[in-house]
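Chemist: Below, each chain spelled out in residue letters.
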Amino acid sequence: MQIKNCKKMIEIKNITKKFGKFTAVDDISLKVGRGEVFAFLGPNGAGKTTTIKMLTTLLIPTSGEVFLDGRNVTENPHETRKSFGIVFQDPSLDNELTAYENMQFHAILYGLKKDVYKKRIIDLLSLVELYDRKDSYVKNFSGGMKRRLEIARGLLHHPKVLFLDEPTIGLDPQTRNHIWTYINNLNKQENVTIFFTTHHMEEVERIAQRVAIIDDGKIIITGTIKEIIQKTKEKNLEDAFISLTGSKIRDEAGNAGLNQMRITNKLIR
Amino acid sequence: MNAIFILWLRQLKRFIRKKASIVGALGQPIIFLLAIGFGFGPVYAKAGGGNYIQFLAPGIIVMTVLFTSIFTGLEIIWDKQFGFLKETFVAPVSRLQILLGKTLGGATVAIIQGILVFLITLIAGFRPNLAGLPLAFIFLFLVAILSSALGAAIAARLDDMQGFPLIFNFVVQPLFFLSGAIFPIKDLPPALDFITKINPFSYGVDGLRYAFSGEGVFSPILSIGVLCVVSLFVLAVGVYQFSKVQL
Numbered sequence: 001m002q003i004k005n006c007k008k009m010i011e012i013k014n015i016t017k018k019f020g021k022f023t024a025v026d027d028i029s030l031k032v033g034r035g036e037v038f039a040f041l042g043p044n045g046a047g048k049t050t051t052i053k054m055l056t057t058l059l060i061p062t063s064g065e066v067f068l069d070g071r072n073v074t075e076n077p078h079e080t081r082k083s084f085g086i087v088f089q090d091p092s093l094d095n096e097l098t099a100y101e102n103m104q105f106h107a108i109l110y111g112l113k114k115d116v117y118k119k120r121i122i123d124l125l126s127l128v129e130l131y132d133r134k135d136s137y138v139k140n141f142s143g144g145m146k147r148r149l150e151i152a153r154g155l156l157h158h159p160k161v162l163f164l165d166e167p168t169i170g171l172d173p174q175t176r177n178h179i180w181t182y183i184n185n186l187n188k189q190e191n192v193t194i195f196f197t198t199h200h201m202e203e204v205e206r207i208a209q210r211v212a213i214i215d216d217g218k219i220i221i222t223g224t225i226k227e228i229i230q231k232t233k234e235k236n237l238e239d240a241f242i243s244l245t246g247s248k249i250r251d252e253a254g255n256a257g258l259n260q261m262r263i264t265n266k267l268i269r
Numbered sequence: 001m002n003a004i005f006i007l008w009l010r011q012l013k014r015f016i017r018k019k020a021s022i023v024g025a026l027g028q029p030i031i032f033l034l035a036i037g038f039g040f041g042p043v044y045a046k047a048g049g050g051n052y053i054q055f056l057a058p059g060i061i062v063m064t065v066l067f068t069s070i071f072t073g074l075e076i077i078w079d080k081q082f083g084f085l086k087e088t089f090v091a092p093v094s095r096l097q098i099l100l101g102k103t104l105g106g107a108t109v110a111i112i113q114g115i116l117v118f119l120i121t122l123i124a125g126f127r128p129n130l131a132g133l134p135l136a137f138i139f140l141f142l143v144a145i146l147s148s149a150l151g152a153a154i155a156a157r158l159d160d161m162q163g164f165p166l167i168f169n170f171v172v173q174p175l176f177f178l179s180g181a182i183f184p185i186k187d188l189p190p191a192l193d194f195i196t197k198i199n200p201f202s203y204g205v206d207g208l209r210y211a212f213s214g215e216g217v218f219s220p221i222l223s224i225g226v227l228c229v230v231s232l233f234v235l236a237v238g239v240y241q242f243s244k245v246q247l
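If you read the sequences in order, they're chains A and B. Residues 1 to 269 in the numbering used here are what the first sequence lists, from first letter to last. Residues 1 to 247 in the numbering used here are what the second sequence lists, from first letter to last.
Note that these hints are calculated values from the structure, not bench results. Each residue gets a CB set at the ideal place from its N, CA and C atoms; glycine is no exception. Treat each hint with caution, since some may be false.
[Claimed, not checked] Just a few of them, taken from the derived set where beta-carbon distance is under 8 Å, the chain B residues facing chain A:
#: 1; residue: Ala3
#: 2; residue: Ile6
#: 3; residue: Lys13
#: 4; residue: Arg14
#: 5; residue: Ile16
#: 6; residue: Ile53
#: 7; residue: Lys86
#: 8; residue: Lys186
#: 9; residue: Pro189
#: 10; residue: Gln246
[What the hints assert, rightly or not] Anything over 12 Å on all C-beta distances counts as not near chain B; from chain A, calculated:
#: 11; residue: Glu101
#: 12; residue: Ile108
#: 13; residue: Lys233
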């Protein structure tokens with residue numbers, strides 16, 4: 001397979017995803033460089049997860065093309081799968097297996113050697129403070145413990161690009177801190193491209209080099225944190241985010257006004 | 001290869017850890033043996049068929065393997081709902097490997113269950129020809145592979161268990177009842193004769209019966225051939241279905 005545009009790790013060209021009549025992602029384009037830490041932000045239901053699913057071969061775009069590491073994702077799903085790792089937003093563990101077995105299952109699917117994965121599993125389970133519970137069944141874990149295990153599993157094979165879909169949802173600040181430090185090191189030491197979503201703006205400010213904000217299936221702004229703050233003339237990213245995505249409410253208010261006008265016109269007639 | 005192994009191992013671990021369902025799955029074959037086996041025994045003997053348990057036991061074993069395999073295959077629906085299928089599907093493992101791992105896992109579980117039922121039929125008075133055990137195992141294996149692949153292929157396109165009664169009543173039950181498991185497939189009305197002949201499980205039941213007693217309607221070579229060809233076909237359909245899954 002021909003590798004084009006080697007500097008780009010992720011390239012999204014005009015992708016749209018429709019579920020029936022509903023358009024979840026509406027003609028978005030995006031480029032993420034190799035080794036970059038990229039935050040993909042947006043309110044709930046904006047289309048973040050759908051986009052990540054198209055990047056990770058789980059969904060096929062209705063139109064448009066996605067390239068990962070120079071490969072067309074839809075045309076070469078199998079090759080693409082070798083290059084990325086993902087932490088899903090929803091649970092994806094086997095509750096009937098132990099924490100260790102879930103990790104081992106993942107390691108073997110990704111073709112890791114036994115001596116490599118044994119050490120990494122110990123390290124990662126220690127990182128998320130689950131090592132002493134490694135032989136407990138996942139069904140007996142709390143929500144936070146499951147979340148930590150999901151993250152540990154996603155970090156097990158060191159991919160070229162790591163997708164993290166709201167990885168730190170429901171975790172305490174201590175654990176979040178640990179995890180972001182680890183991810184940051186992974187990026188610095190192994191040049192792993194990080195593409196993540198979150199609702200914690202301080203996580204974005206801490207780690208992200210560039211940011212895109214998506215709302216209603218459309219990307220409304222892309223740039224560095226500084227650029228976005230400057231463009232919106234706000235004090236910080238959180239305010240910028242609210243002022244950008246808050247405009248949607250004004251849009252709707254506008255439509256409501258339009259509807260009101262139509263009704264009034266009819267009444268007058 | 002390793003991927004197939006770990007998928008197989010996962011299936012086996014899940015099976016062994018659910019002790020209640022292992023015992024539970026023995027309930028139905030026992031009821032069939034008692035109610036149908038001993039209930040129809042006298043009538044069958046009067047009609048000149050001989051010992052009905054001797055006839056029925058292979059059918060009950062196939063039933064166990066068929067039901068267990070299909071249900072294990074259908075577990076993919078749970079994997080979808082609990083999100084675990086996403087984890088498997090984003091991994092760099094071909095869809096064929098995933099299907100083979102699942103199918104072999106389901107088949108192994110079903111064979112264990114089938115052997116347990118075989119032991120129960122011995123208690124109930126079944127007296128097989130022990131020299132036929134290796135051939136019997138081959139048939140058990142083929143039936144298990146076929147039904148496990150069938151379950152997986154069906155489950156690939158289902159999103160929840162809502163369709164389960166439909167599959168159970170319109171696929172699984174007919175495959176069992178119209179396979180010659182509980183009645184001889186000789187001298188049947190033409191329509192039923194046709195249906196039993198196109199049902200691949202008829203060949204499984206008949207082959208197993210041949211292995212245990214030396215009596216069969218079809219030649220064992222034909223039966224093995226039919227089971228292999230149909231299994232390959234179902235696996236091919238399964239791989240296609242898996243490749244179309246969007247999560």
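Chemist: Determine for every hint whether it applies to the structure shown.
Modeler: Structure-based check of each hint:
{"no.": "1", "hint": "Ala3", "result": "holds, 5 Å"}
{"no.": "2", "hint": "Ile6", "result": "holds, 4 Å"}
{"no.": "3", "hint": "Lys13", "result": "holds, 7 Å"}
{"no.": "4", "hint": "Arg14", "result": "holds, 5 Å"}
{"no.": "5", "hint": "Ile16", "result": "violated, 10 Å"}
{"no.": "6", "hint": "Ile53", "result": "violated, 37 Å"}
{"no.": "7", "hint": "Lys86", "result": "holds, 5 Å"}
{"no.": "8", "hint": "Lys186", "result": "violated, 45 Å"}
{"no.": "9", "hint": "Pro189", "result": "violated, 46 Å"}
{"no.": "10", "hint": "Gln246", "result": "holds, 5 Å"}
{"no.": "11", "hint": "Glu101", "result": "violated, 7 Å"}
{"no.": "12", "hint": "Ile108", "result": "violated, 4 Å"}
{"no.": "13", "hint": "Lys233", "result": "holds, 40 Å"}
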